[in-house]
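Residue numbering for the sequence shown follows the working numbering, starting at 1 and increasing by one per position.
Each hint should be verified, as a subset may be incorrect.
[Unchecked claim] Below, in silico cross-link-like pairs of lysine to aspartate or glutamate (DMTMM-like), each with a Cα-Cα straight-line distance of 20 Å or less: (1) LYS202 / ASP163; (2) LYS202 / GLU142; (3) LYS202 / ASP161; (4) LYS202 / ASP167; (5) LYS202 / GLU165.
[To be verified] Simulated DEER-style distance windows between Cβ atoms: (6) ALA137 / LYS202: 25 to 35 Å; (7) ALA222 / HIS143: 36 to 46 Å; (8) VAL57 / ALA221: 25 to 35 Å.
The set of hints was computed from the structure by calculation and includes no laboratory data. Where is the CB? At the ideal position from N, CA and C, for every residue including glycine.
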Amino acid sequence: MTDAGEPKLLDFGIAKLLDESASEDPPRTRTGVRMLAPEYASPEQVRGEPVTTASDVYALGVALYRLLRGRAPHRVRGLSGSEAERVLDTEPLPPSVAAVRSGEPGAPGSDARAVASPEEIARSHGTTAEALRVLQATVGPEHPYTALGLSNLASVLDQLDRDGEADPLFRASIALQRRIFAPGPPNIAPTLANYGDLLRSKARYAEAEELYRGAIELQRAALRDDPPTSRS
């Protein structure tokens with residue numbers, strides 16, 4: 001459905017894949033040219049390998065990602081095959097931090113502004129405080145994106161060996177997630193584990209162990225409340 005309310009039909013070719021009589025070779029318009037929509041093509045399609053239902057799941061993921069972010073996870077239109085392969089091998093920005101933009105937030109679905117990753121924000125603004133100001137001004141200080149953004153930014157700073165800045169961000173993210181997702185939020189488990197990794201690297205083993213135990217208990221509680229068999 002477009003912003004104007006116009007419905008669009010999405011055809012991922014699943015019927016063709018489930019048809020045993022269908023050829024395994026990718027369709028071609030002429031020798032050596034594969035028919036595909038570049039932004040929705042899975043890595044195996046770009047490489048010219050046989051497609052499976054996993055390729056359709058990938059295309060569906062791209063469509064859902066686009067609904068959340070207003071753009072495809074990768075920009076490959078106009079690139080050569082080898083260039084597109086390299087781009088598709090990179091990790092796209094998670095939708096959970098897509099609201100962090102280089103300036104004021106644009107209209108939903110707009111590609112007018114590029115979305116900055118937490119690492120890009122930390123480096124371009126130079127200080128964690130400024131990066132957080134942009135994030136909080138975009139979605140608000142008590143928004144789930146802010147809590148997850150704090151965690152993501154802390155992880156990035158940790159990877160950049162800026163542990164002194166990452167430590168308080170992890171703690172702030174944990175406190176905010178506990179307020180937003182209470183009681184007993186399973187969402188907080190990854191942040192607890194990541195913060196535990198940071199503390200363990202600093203030989204703060206007792207504190208790290210406490211965080212790891214907390215993360216494990218939250219995951220166990222989540223499984224007790226919603227066991228995998230109940231979701232089938």
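- Item | Violated hints, by number in ascending order, as checked against the structure | Violated: hints 2, 7.
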